[in-house]
Structure formats: structure tokens, C-alpha cells
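Participant: Protein chains in written order, with the numbering used here: chain A, 1 to 352; chain B, 1 to 237.
Do not rely on the hints blindly, as some may be mistaken.
Said to hold, decoys possible - Below, in silico cross-link-like pairs of lysine to aspartate or glutamate (EDC-like), each with a Cα-Cα straight-line distance of 20 Å or less:
| no. | chain 1 | residue 1 | chain 2 | residue 2 |
| --- | --- | --- | --- | --- |
| 1 | B | K95 | A | E222 |
| 2 | A | K234 | B | E62 |
| 3 | B | K52 | B | E84 |
| 4 | B | K155 | B | D116 |
| 5 | B | K231 | B | E210 |
| 6 | B | K177 | B | E127 |
| 7 | B | K52 | A | E222 |
| 8 | B | K73 | A | D125 |
| 9 | B | K52 | B | E5 |
| 10 | B | K126 | B | D116 |
| 11 | B | K73 | B | E62 |
| 12 | B | K130 | B | D114 |
As the list claims (entries may be wrong) - Facing chain B, a subset of chain A residues (Cβ under 7 Å, in silico):
| no. | residue |
| --- | --- |
| 13 | D23 |
| 14 | I207 |
| 15 | I223 |
| 16 | A224 |
| 17 | A227 |
| 18 | T233 |
Stated by the list, open to error - Far from chain A, by Cβ distances over 12 Å, these chain B residues were calculated:
| no. | residue |
| --- | --- |
| 19 | G12 |
| 20 | S48 |
| 21 | D63 |
| 22 | N97 |
| 23 | Q109 |
| 24 | K112 |
| 25 | D114 |
| 26 | P123 |
| 27 | L185 |
| 28 | T211 |
| 29 | N213 |
| 30 | G218 |
| 31 | A220 |
| 32 | P227 |
For the record, the hints were derived by calculation from the structure and aren't laboratory data. Everything numeric in this text was worked out from a predicted model, so none of it was measured. Glycine is no exception: its CB is placed at the ideal position from the N, C-alpha and C atoms.
What follows is the residue order along each chain.
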Amino acid sequence: MKNTKILFLISVVLIFGINLLSDYINSYYYQIIIYAGINIILATSLNLINGYAGQFSLGHAGFMAIGAYLSASISTYFAPSLLSIFGDAVIGKAIWFILVLFIGGVGASIVGVIVGVPSLRLKGDYLAITTLGFGEIIRVVIQNLDIIGASQGFRGIYVYDNGVKSLEMIPELSGITYKFYSIPQYTDFFWAFLVVAIIIFSITNLIRSTYGRGFIAVKDDEIAAEAMGINTTKFKVTAFVLGAFFAGVAGGLYSHFVQYINPEDFNFLRSIEIVVMVILGGMGSTIGVVFAAIILTILPELLRDVQQYRMIIYALLIIIMMLVRPQGLFGIKLQKKKKITPEQPPKATLKD
Amino acid sequence: MLRVENLTVNYGAINALKGITINVPEKSIITLIGANGAGKTTTLRAISSVVKSAGGSRIYYEDKDITNLPPHKIVEMGLCQVPEGRLIFANLTVKENLDMGAYLRKDKQNLKNDLDFIFNIFPRLKERIKQPGGTLSGGEQQMLAISRALMSKPKLLLLDEPSLGIAPILVRTIFEKIVEINKSLGTTILLVEQNAHFALSVANFGYVLETGNIILEGPAKELEANPEVRKAYLGEA
Ligand SMILES: Nc1ncnc2c1ncn2[C@@H]1O[C@H](COP(=O)(O)OP(=O)(O)OP(=O)(O)O)[C@@H](O)[C@H]1O
Ligand SMILES: [Mg+2]
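So here's chain A without its partners, still in its complex pose (with noise of 0.2 Å):
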């Protein structure tokens, strides 16, 4: 415990420093970075999920297009009230920043409950296929929602002198001044990393605490974890909701890094891109699938000639993962049970 703090402090401290020098850093290059931040928090958090808790969900993207959308769309619409309150310098940026990557997380751990908790209850594969539907419905939902800019996608919007907000600049009003309120780039290599660092020291001390030994009960063996009195369902619901939370952190992250959203960003592929995130690094391994995620996002700027086929690519990734080294890059091989086998015919005790 003492030890990961210490370590956390320290590589807050590391991340502030490199902060400083990302004005040096070609933006190309630094563009690839913070990318490779974000999906790391989304991969690690839906190995919560998927890996400890071994849940399967299928769904990821739809919470992180809730957290984009939802501190995206308050750092917009609020933002003439938000910069009243907080100003324009550093501290109030922080918290403002802050408080909208908490919604956006709280959102989508609200929705995640409202998913989560009734396929969780059952037993079987129910997360997979919920998780998916749900994915594709936020997406379909976001696309008819004028006010975010529909299948448009959304930049920012212009604030009128009187009072009127509208995505696009109004003919009827030219006489009026204007504002445009984009999406403000808040996400910088500091933040970015900083909830790389709390989230896998959460994570790292809730898998190492008693608690969290119990997500490892729970999916070792179910009913032996019921008889022993843990509340499996409540395991499973704390799970996706922390790492529906997280996605919804990411997506603001993003959000708040490339200016604009397309609903098209949170599709069904990008859900897959994440768990191959996690199938890659090992299920149930944090530093495994950190590596994949940054392996993961580097890869494809690599193959930008041939970007039609990276989910081929993916694909065949996959399988050869599965043949080579089933328990993913960094995986540990996991215990499996015994078979029971008499060891002795049963008849043979009974006689004394």
C-alpha cells in the first residue's frame, strides 16, 4: 500500500515534468501519445470488467461516447457561465476540467448501472449481448440528437448576444454579435496520464485489497464465492459500473483533445479495438494490456497504407494469440481446476 502511493506520487510528479517539455514534442507525435493515454484508461478499465471480474462486455465505446458527449456539451453550452465562475487561468481551467470529466464519468457509471445490473443478475453471457445492443443504441440515439449536432457531429456552439445558442450561425441574426464556444482543448499530456496513474493505481490497490480478492473469487467459481457469502451480483455490478466510469473519463479526455465528435467515433469497432486491447495483454493483467493499448495505437499509424484491413489484421492477431499464448502478452497462465477422478473406485471403501 505505503509503496504504490509513493510510486503514484512519483510518477505524478514524473508526468508534470514531462508535461513541461511537450511544446518540443513534434504534434504528430504527441497526438499518438495522448491517444495512446486514453486508450490505455479505456482498456484497463474494461479489464476490470472483462478480465478480474470476468464479465464480457461488449460495449465500451457507447460509455465513452457518454462521457464525451456529456462534458463536451457542458464545457459548450455552460461555457459563458463556467468562465464567469472559474476565469480564464490556470486553477479555474483545472477545476472546471475536472468537474466535467466527473460528469461525463458519473453519466455513464448512471447508465451503466441501468444496463448493467439487470444482465447481471442472470447467469450467462447476458453482459455480452446487452452491452452490445446498448453500444449501438447510444450511438443511433446520439445521431438524432439535433442538439449535439446529430450525425453531423460536434465542434462547439455560437452563443448570440441575445441569449440564443444554436450549433450553427443564424442568417435571421446577423445583426447580432456572436460568440463561437468550441470545445475546449483542455486534455493535455498531463491530464491525459495523470488518470492513466489513478486509474491503474486503483486498480492495482483494489485487486491487491481483500475486496478485491473477492472479483477473483467471483470468477473463479461462482457458487463457491455464494456460499461463502459474497454477494456475487454486487461484485459484478461495482465492476462495470468502475469501468463504465472510467470510459466515461475517457471520453472526455477525447472530447476535450480532438475539439470534435462523430458519433461514428464510438461506433461498434471501436468497442472491439478495446477488447482486443485486452485479449492481447491478457485478460486480468493491468500491465499486459497497458502494453497492448499502446502497441495498439501505435500499430495502426504504422499501417496507414493499408488501413482497410486492420480489423483483418486484428483478426488474425487474435488467433494467433490464441494458439501461441492463450493467456494473452503478459497474461499469467491461469490455475484451472482439478478433475475430480476417484482415485480409487468407490466399492473398494466400503468393505472394512
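Dock chain B with the ligands against chain A, hints included.
Facilitator: This is chain B with the ligands only, laid out in the frame that chain A set:
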């Protein structure tokens, strides 16, 4: 201490228990014997509420109606099951498995004494304290499963076929330990077994279950002497 009345359990169309009645007095060892598929495991799972019992069934524990209460509520009341087939947590170490047993305990400061008691009965577990549960031998896993349940400080322990898949010599040891737990901790025990010989030798009273019905019951000594039991369950020609 435990009264099961008219317990009926259905798995879809399969009628696994057809209204059985069992009584487990405090501090006793009661056994439920029967062949494969008789419904022994189902009985224990229904008592712990891991499977739901059908309407008309009633389970009373210390005079409280616990029928279909959530499983963790039942464990909290001091009723703990050692599941069939040594369902230990394969990826947790011996110590962590034991900690899971104490998961609902409020008096964590007393855990040390209970661990000492367990390592005293099963010294082998102490030697393997850091080993993952999945790497233990069959007999050791059974010891761990029993110990893990003991860590919850149960007043009533439900044991599901502790002899399953274990060499006869170890079976004897395990049954001796079960008696020791009953004697020194005063834990009431409901023991489910196919191995009628061992079960009846340690129990005070027994029930014989056959395809969902209790067909015989009586003091263990009487059942042991009963010609029908001898023929069907004690391997006599
Ligand atoms: N989950 C289930 N779904 C459907 N049928 C089941 C289920 N579990 C048990 N059964 C059926 O209920 C009956 C009783 O099973 P149970 O496991 O209680 O038997 P048992 O007496 O414990 O047998 P064994 O000695 O082999 O462990 C069997 O016919 C079994 O096939
Ligand atoms: Mg059974």
C-alpha cells in the same frame, strides 16, 4: 437448530426433491446418504438458497424462516456450505482462500486464533499457505474447502461429499477431523455422503434419500444395522 419441511425443488421440468423433511438438532452430526442423483447436493443448495425452493417448502434455522433468503444473508446467520467437488478458488492462495471464508466476519481481530486452530487440525495447509489453491492435491483441496468454511465461524456446517475422489486413507483422516470440529467447536454438522459406511460411523442420526424422497431415517447405528441399507449402500450382497 435446522428444520427443513416439505422441501421441493424443481429444475425446469425435473423434480429433484419431492417434499423432504429433515431435522438437525444443535451440536449433532446428521447425515444424508443416497446414490448419485438422489438430490443430496440439491438439498444443501436449497438450504443455502443457492437454488430456489418451490412453493410450500419451508426452511427454519434457529426458529427463523430462511426459505429463499439471499445466500449472503444466510451465511451471515452462521450457516455455511462446503460445496461438492471442492470448489476452492483456484487462482487465490491458500491464505487468500481462507480470507474469503472470513469475508463476512465483523470480528477480524479474532482471525489469527481461528487460523491457528485450522493449521492445528490441517498442518498441511500451513505448509502450503502461499500456494495457489488450484495446485493443491485433491485431498488438500478438500481440507482447504472445509477450513475456508470454518473461517466464517459457522454454527451449522453443511458438508457435501467430503470423501469424493479422495484416497480411502485420507477419507478416514478427514472424517476424524470432522468429528473433532464438531466436538471441540460445538459446530452442528449436516453431512451429505455417498460413502454410507463412513458417514454413518460418525453421525448421530441419518436420512436415506432416494430420487427426491426420504425412504428411511433413524439413529445412525440402527441404519448401519438395517439390512436394506446394508444391501443398497454398504455393498453387501
Ligand atoms: N442445475 C441443474 N439443472 C437440471 N437438473 C439438475 C441440476 N442440478 C441437478 N439436477 C438434477 O437433479 C437431480 C439431483 O441432483 P443432485 O446434484 O442433487 O444429486 P446428488 O444426490 O447430489 O448426486 P451426486 O451424489 O452424484 O452428487 C439429478 O437428477 C440431477 O440431474
Ligand atoms: Mg451431489
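Participant: Holds or violated: K130 (chain B) and D114 (chain B), Cα atoms, limit 20 Å.
Facilitator: Measuring from Cα to Cα gives roughly 18 Å; hence the hint holds.
Participant: Holds or violated: is there a CB of chain B closer than 7 Å to the CB of D23 (chain A)?
Facilitator: violated (46 Å)
Participant: Hinted pair, alpha-carbon criterion (20 Å max): K73 (chain B), E62 (chain B). Please report holds or violated.
Facilitator: Given that 20 Å is the threshold and the Cα spacing comes to 14 Å, the pair holds.
Participant: Quick one: work out the minimum CB distance from D114 (chain B) to chain A and report holds if it exceeds 12 Å, violated otherwise.
Facilitator: Non-interface label stands for D114 (chain B): nearest chain A Cβ at 15 Å, farther than 12 Å.
Participant: May I ask you to check that A220 (chain B) keeps its beta-carbon over 12 Å from the closest beta-carbon of chain A?
Facilitator: holds (15 Å)
Participant: Verify this label for me: N97 (chain B) is non-interface relative to chain A, using a Cβ-Cβ cutoff of 12 Å.
Facilitator: Contrary to the label, N97 (chain B) does not stay out of reach of chain A, its closest Cβ about 8 Å off (not over 12 Å).
Participant: Could you grab the alpha-carbon distance between K52 (chain B) and E222 (chain A) and see if it respects the 20 Å cut-off?
Facilitator: holds (16 Å)
Participant: Beyond 12 Å from every chain A Cβ: check whether that's true for D63 (chain B).
Facilitator: holds (21 Å)
Participant: Need the status of pair K52 (chain B), E5 (chain B): alpha-carbon distance at most 20 Å?
Facilitator: holds (14 Å)
Participant: Can we keep the T233 (chain A) interface hint, with Cβ of chain B closer than 7 Å?
Facilitator: With a minimum Cβ separation of about 9 Å from chain B (threshold 7 Å), the hint on T233 (chain A) is violated.
Participant: For the pair supplied as a hint, K177 (chain B) and E127 (chain B), confirm whether the alpha-carbon distance does not exceed 20 Å.
Facilitator: holds (18 Å)
Participant: Is the hinted pair K73 (chain B) and D125 (chain A) satisfied, with a Cα-Cα distance of at most 20 Å?
Facilitator: Given that 20 Å is the threshold and the Cα spacing comes to 26 Å, the pair is violated.
This entry does not satisfy hints 2, 8, 13, 14, 18, 20, 22, going by the numbered hints stated previously.
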